[in-house]
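Enquirer: Residue numbers (numbering that gives the first Met the number 0), protein chains in the order written: chain A, 0 to 691; chain B, 0 to 253.
Derived by calculation from the structure, the hints in this document are not laboratory data.
Ideal Cβ placement from N, Cα and C applies to all residues, glycine included.
Please note that the accuracy of each hint is not assured.
Said to hold, decoys possible - List time: in silico PhoX-like cross-link candidates among lysine-lysine, alpha-carbon distance up to 25 Å:
hint : chain 1 : residue 1 : chain 2 : residue 2
1    : A       : Lys568    : B       : Lys60
2    : B       : Lys95     : A       : Lys568
3    : B       : Lys95     : B       : Lys196
4    : A       : Lys161    : A       : Lys419
Unchecked claim - Facing chain A, according to a computed beta carbon distance under 7 Å, are these residues of chain B, among others:
hint : residue
5    : Asn53
6    : Arg54
7    : Thr80
8    : Asp81
9    : Arg86
10   : Met91
11   : Pro100
12   : Tyr104
13   : Gly110
14   : Ile113
15   : Val166
16   : Ile170
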Amino acid sequence: MKEGGRIRTRNPPSTAGVAVNGEGDPGSPRRISPPDTGPVQVIRDLHLHLLAPGLAFGRNARRLRENAVRALWFCTAIFAVLAIFFILFFLVKEGYPAFEQVGVWDFLSGERWNPTGAKPGYGVFPLIVGTLLVTLGAMTIAVPLGIGSAVFIAELAPAKVKAVVKPAVELLAGIPSVVYGFFGLIVLTDRLRIVFDVPSGESWLAGSILLGIMALPTIVSVSEDALSAVPQGYREGSLALGATHWQTIARVVAPAALSGIAAAIVLGMGRAIGETMAVIMVCGNAAIIPDPLWNVLSPVRTLTGTLGIEMGEVAVGSAHYHALFGVAVVLLAITLLVNLAARTILRQIREKHTVTTGRAPSVFRDTADAARPYVCAVVGVAGAIVLLMATNILVTAFAVASVALFLAVRDRISPKTGQKVAFGLVYASITTVMLVLGVLLFDIIAHGIPALSWEFLIEPPSNLGRAGGIGPAIVGTLYLVTGAVLFALPIGVGAAIYINEYAQEGRVTEIVRSGADLLNGTPSIVFGLFGFAFLVLFLNLGVSLLAGQITLGLMILPTIIRTTEEALKGIPDALREGSLALGATHWQTIARVVLPPAVPGILTGTILSIGRAAGETAPILFTAVVFSKRFLPASLTEPVMALPYHLFILATSVPGARENQYGTALVLLILVMGVYMAAIFIRNRYQRAMTW
Amino acid sequence: MQNNGTILETEDLNLHYGENHALIDISIRIPRYRVTALIGPSGCGKSTLLRCFNRLNDLVKGVKIGGKILFDGKDISDPDTDVVELRKRIGMVFQKPNPFPFSIYDNVAYGLRIHGVRDRKELDRIVETSMKRAALWDEVKDRLHDPAMGLSGGQLQRLCIARTLAVEPDIVLMDEPCSALDPIATSKIEDLIDELKQNYTVIIVTHNMQQAARVSDYTGFMYLGRLIEFGETSQIFESPREELTNKYVTGRFG
Numbered sequence: 000m001k002e003g004g005r006i007r008t009r010n011p012p013s014t015a016g017v018a019v020n021g022e023g024d025p026g027s028p029r030r031i032s033p034p035d036t037g038p039v040q041v042i043r044d045l046h047l048h049l050l051a052p053g054l055a056f057g058r059n060a061r062r063l064r065e066n067a068v069r070a071l072w073f074c075t076a077i078f079a080v081l082a083i084f085f086i087l088f089f090l091v092k093e094g095y096p097a098f099e100q101v102g103v104w105d106f107l108s109g110e111r112w113n114p115t116g117a118k119p120g121y122g123v124f125p126l127i128v129g130t131l132l133v134t135l136g137a138m139t140i141a142v143p144l145g146i147g148s149a150v151f152i153a154e155l156a157p158a159k160v161k162a163v164v165k166p167a168v169e170l171l172a173g174i175p176s177v178v179y180g181f182f183g184l185i186v187l188t189d190r191l192r193i194v195f196d197v198p199s200g201e202s203w204l205a206g207s208i209l210l211g212i213m214a215l216p217t218i219v220s221v222s223e224d225a226l227s228a229v230p231q232g233y234r235e236g237s238l239a240l241g242a243t244h245w246q247t248i249a250r251v252v253a254p255a256a257l258s259g260i261a262a263a264i265v266l267g268m269g270r271a272i273g274e275t276m277a278v279i280m281v282c283g284n285a286a287i288i289p290d291p292l293w294n295v296l297s298p299v300r301t302l303t304g305t306l307g308i309e310m311g312e313v314a315v316g317s318a319h320y321h322a323l324f325g326v327a328v329v330l331l332a333i334t335l336l337v338n339l340a341a342r343t344i345l346r347q348i349r350e351k352h353t354v355t356t357g358r359a360p361s362v363f364r365d366t367a368d369a370a371r372p373y374v375c376a377v378v379g380v381a382g383a384i385v386l387l388m389a390t391n392i393l394v395t396a397f398a399v400a401s402v403a404l405f406l407a408v409r410d411r412i413s414p415k416t417g418q419k420v421a422f423g424l425v426y427a428s429i430t431t432v433m434l435v436l437g438v439l440l441f442d443i444i445a446h447g448i449p450a451l452s453w454e455f456l457i458e459p460p461s462n463l464g465r466a467g468g469i470g471p472a473i474v475g476t477l478y479l480v481t482g483a484v485l486f487a488l489p490i491g492v493g494a495a496i497y498i499n500e501y502a503q504e505g506r507v508t509e510i511v512r513s514g515a516d517l518l519n520g521t522p523s524i525v526f527g528l529f530g531f532a533f534l535v536l537f538l539n540l541g542v543s544l545l546a547g548q549i550t551l552g553l554m555i556l557p558t559i560i561r562t563t564e565e566a567l568k569g570i571p572d573a574l575r576e577g578s579l580a581l582g583a584t585h586w587q588t589i590a591r592v593v594l595p596p597a598v599p600g601i602l603t604g605t606i607l608s609i610g611r612a613a614g615e616t617a618p619i620l621f622t623a624v625v626f627s628k629r630f631l632p633a634s635l636t637e638p639v640m641a642l643p644y645h646l647f648i649l650a651t652s653v654p655g656a657r658e659n660q661y662g663t664a665l666v667l668l669i670l671v672m673g674v675y676m677a678a679i680f681i682r683n684r685y686q687r688a689m690t691w
Numbered sequence: 000m001q002n003n004g005t006i007l008e009t010e011d012l013n014l015h016y017g018e019n020h021a022l023i024d025i026s027i028r029i030p031r032y033r034v035t036a037l038i039g040p041s042g043c044g045k046s047t048l049l050r051c052f053n054r055l056n057d058l059v060k061g062v063k064i065g066g067k068i069l070f071d072g073k074d075i076s077d078p079d080t081d082v083v084e085l086r087k088r089i090g091m092v093f094q095k096p097n098p099f100p101f102s103i104y105d106n107v108a109y110g111l112r113i114h115g116v117r118d119r120k121e122l123d124r125i126v127e128t129s130m131k132r133a134a135l136w137d138e139v140k141d142r143l144h145d146p147a148m149g150l151s152g153g154q155l156q157r158l159c160i161a162r163t164l165a166v167e168p169d170i171v172l173m174d175e176p177c178s179a180l181d182p183i184a185t186s187k188i189e190d191l192i193d194e195l196k197q198n199y200t201v202i203i204v205t206h207n208m209q210q211a212a213r214v215s216d217y218t219g220f221m222y223l224g225r226l227i228e229f230g231e232t233s234q235i236f237e238s239p240r241e242e243l244t245n246k247y248v249t250g251r252f253g
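Construct the entire structure; sequences and hints are all you get.
Expert: Below, the structure written as structure tokens:
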């Protein structure tokens with residue numbers, strides 16, 4: 000005790016030995032003597048600080064508060080987890096009877112889907128084939144264009160061009176799917192009908208083109224991130240050896256970014272598989288397997304489309320009802336596979352970029368190298384056979400010949416010529432993408448502007464939407480989105496804080512993340528299905544604003560959790576340690592040091608969710624909306640009008656409403672685009688401000 | 000050298016990171032108002048030991064600690080210890096400057112604010128004093144409200160020191176505070192450390208033996224998780240008792 004006491008030079012006597020515990024007794028922490036008053040000598044007994052009985056109170060109060068805050072975030076996390084797993088459980092539970100009655104194999108492989116016929120058929124095989132074909136077609140279009148565009152943005156574009164092109168591609172991601180569907184229905188299918196001289200353009204091809212366009216932004220953005228993340232040293236190293244720019248891209252940069260590009264493709268695929276509204280509008284929706292299989296002009300029907308079309312008129316508890324949930328489970332399983340693939344690929348990237356432990360033994364690598372030509376040969380022959388089965392001999396011969404020609408001349412082309420050809424293709428793909436965006440925007444803006452007027456924006460519709468305005472739909476959409484965000488934001492942010500800042504990393508956090516990722520990739524129609532069966536029917540909320548808000552809220556919850564988590568992860572641990580080392584409590588550290596710089600990230604995620612919620616049709620299709628309603632809802636239990644749904648009905652069921660269709664599409668577009676631009680603006684602004 | 004008593008001591012301190020036995024039977028007595036340097040090759044446990052003193056190892060998953068760490072005679076490895084209070088009294092300066100993304104002023108005021116100082120004048124005064132002590136005041140006094148990120152590396156590290164001093168700790172832990180700095184910035188920080196021991200106990204981990212010799216009064220040499228030798232700096236560098244220490248300080252390994 001005595002030896003602890005010591006002459007100190009820095010504490011004015013008034014505060015010596017006073018409680019050190021700053022919170023709870025404002026104004027009297029230990030002070031530093033002002034430099035000009037000169038040193039004041041005080042005797043201070045260090046033991047007093049630790050043992051002073053007066054400290055106990057402040058300390059307990061602080062602990063209480065810390066624990067209360069922790070408990071609050073814990074509750075939000077638990078709620079989020081329960082919600083996520085309840086949705087999954089509910090879908091499986093409702094779908095199970097279908098598998099039981101029909102039999103798993105018959106359900107999956109049955110070739111007849113006709114649940115409402117005199118002799119009902121519950122075979123989802125044509126639907127699975129439809130989904131796969133449309134996705135395959137979409138990827139055939141989107142992968143080359145997307146990677147080409149990504150290479151352009153990451154490697155070739157001058158800074159000024161990049162500043163325009165990159166946000167433009169991101170805008171493409173923000174266009175609501177019902178607007179794509181509308182464009183597809185009015186412009187694309189019509190074009191196809193004329194070009195191919197067929198009775199209807201609604202087909203596999205139309206769906207593929209449209210979904211290809213919709214998957215493009217995902218593929219471009221994620222690939223571009225992967226390419227840009229390749230260290231500059233790799234490029235310089237290659238260029239310094241005399242490689243051309245293209246050789247550097249093709250042999251150094253692209254291989255280094257390969258897993259990111261693969262993840263981009265898988266994510267784009269997820270987008271295409273999960274799309275509902277656009278597919279319903281352009282695919283023709285006949286539950287048949289195209290005959291012959293390569294007949295791209297045949298109508299097809301996808302799993303999502305089936306849910307969107309049939310859910311509204313199904314009798315609860317009937318075999319048909321359970322079969323639709325069975326379809327949702329199949330859809331979920333496909334999503335799960337796609338998700339797992341993406342996660343595995345992304346994990347590989349992470350492992351590659353961190354410390355390399357347990358590398359593949361060199362013997363294995365040697366074997367792999369030796370086996371490569373054989374593998375290529377086998378894959379090539381198999382590809383040719385598949386092509387031969389799927390198309391005809393002419394196409395196959397052409398493909399084989401062009402591959403052979405490419406292989407033959409590959410080594411003879413000078414690097415410079417090769418670069419010219421390759422860059423030509425890259426420029427062609429970015430031009431195509433920009434052209435598509437331009438045509439789409441121009442078509443909607445040019446036709447939509449004449450419809451816009453003050454009356455159009457505030458009046459209710461009349462004559463089935465052919466005349467009058469869309470006022471209640473705008474307000475209804477705002478209501479829906481506001482409710483969804485109020486519901487999802489606190490829970491999502493709280494859950495993310497708990498997972499990232501409090502929970503021990505381990506199996507539990509991993510499960511939560513997997514659950515959130517799975518729901519994140521789940522097609523929005525599945526949320527609609529859940530909302531309809533559980534909220535509208537089981538909880539008896541009815542088709543109502545509240546049911547729609549909760550459904551949309553559940554849909555954006557995983558996005559908010561994950562983006563918040565990403566934002567929190569971006570804050571270096573050094574800052575947390577710095578704050579804790581100063582004696583800040585856990586919550587003080589989170590609230591004052593971790594959260595403020597994470598706000599832009601959280602905000603961006605939230606705004607993107609708002610845009611998504613505003614543009615989505617599938618989740619509210621059966622939960623919240625009516626086509627026409629003269630008055631605004633007076634309470635949460637009444638249904639509302641919403642812009643996307645209004646456009647969907649106008650476009651598919653009301654002939655002769657062309658002007659109001661375009662007007663509605665334009666208003667929806669402006670609304671969602673505005674939200675997205677705000678997100679992009681915030682991100683760019685804070686990205687520049689934040690450098691660690 | 001005059002004995003000031005012991006402010007911090009460990010008894011048979013052992014620390015495991017999972018399977019890895021990172022600290023083995025460490026017993027050390029840190030004298031008050033002196034600069035104590037911990038030296039040793041990379042991975043010998045110097046930083047780990049330092050982080051035991053303010054319980055920052057708590058943040059690492061899978062850490063097990065055995066033995067005693069006595070701060071003014073009280074065992075701080077006790078789970079019931081108020082770590083917040085402990086960290087207020089044992090401040091830390093990190094290897095890489097880790098300023099918060101606030102203004103220069105707010106960085107230093109942060110610690111005061113979280114401990115309940117609201118009075119503007121009081122804050123101004125302590126911020127100024129702390130920055131003067133950290134020999135930073137003259138360089139930044141005209142731009143206190145600029146973002147801290149705009150400062151140079153050496154200034155940032157002195158800002159982090161000022162931030163630590165503002166909460167008036169008894170001990171300042173420094174984890175290789177100069178390893179990210181150029182020679183001029185390093186010498187400024189070294190001068191500062193010399194000043195600091197008037198009022199504080201400083202424990203510094205360093206890779207740089209000349210630095211240890213220049214700034215410290217006592218030196219501990221660690222190797223593979225053990226404290227090999229501890230004594231007055233002059234003794235450690237001039238007449239080490241252990242052969243290992245001798246080899247290390249004469250640059251024959253490490």
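Enquirer: Against each hint, give a clear statement of whether it holds in the structure.
Expert: These are the hints, each one checked on the structure:
Of the pairs offered as hints, the one joining Lys568 of chain A and Lys60 of chain B holds, with about 17 Å between alpha carbons and a cut-off of 25 Å not exceeded. Among the hinted pairs, Lys95 of chain B with Lys568 of chain A is consistent with the structure: their alpha-carbon atoms are about 19 Å apart, no more than 25 Å. Restraint check for Lys95 of chain B and Lys196 of chain B: satisfied, since their Cα atoms lie roughly 22 Å apart, inside the 25 Å limit. Between Lys161 of chain A and Lys419 of chain A, the direct Cα distance comes to roughly 21 Å. Compliance with the 25 Å bound is thereby established for this hinted pair.
A distance limit of 7 Å between C-beta atoms decides the matter here; for Asn53 of chain B the minimum to chain A is near 6 Å, and the interface restraint holds. At a threshold of 7 Å, the smallest CB-CB gap from Arg54 of chain B to chain A is about 9 Å, leaving the interface hint violated. Hint on Thr80 of chain B is violated. Least Cβ distance to chain A is approximately 9 Å, over the 7 Å limit. Taken as an interface hint, Asp81 of chain B checks out: its beta carbon lies about 6 Å from the nearest beta carbon of chain A, inside 7 Å.
The beta carbon of Arg86 of chain B is positioned within 7 Å of a beta carbon in chain A (closest approach about 4 Å), and the interface hint is therefore held. For Met91 of chain B, the shortest C-beta to C-beta distance to chain A is roughly 4 Å, which falls under 7 Å, so the interface hint holds. A distance limit of 7 Å between C-beta atoms decides the matter here; for Pro100 of chain B the minimum to chain A is near 5 Å, and the interface restraint holds. Of the supplied interface hints, the one on Tyr104 of chain B is violated, with its beta-carbon coming no nearer than about 15 Å to a beta-carbon of chain A, more than 7 Å.
For Gly110 of chain B, the shortest C-beta to C-beta distance to chain A is roughly 4 Å, which falls under 7 Å, so the interface hint holds. A distance limit of 7 Å between C-beta atoms decides the matter here; for Ile113 of chain B the minimum to chain A is near 4 Å, and the interface restraint holds. Contact between Val166 of chain B and chain A, as hinted, is supported at the beta carbon level, the nearest pair being about 6 Å apart and thus within 7 Å. Using the Cβ-Cβ criterion of 7 Å, the hint placing Ile170 of chain B at the interface with chain A is not satisfied: the shortest such distance is roughly 11 Å.
When the structure is compared with the earlier hints, violations turn up for hints 6, 7, 12, 16 and for no others.
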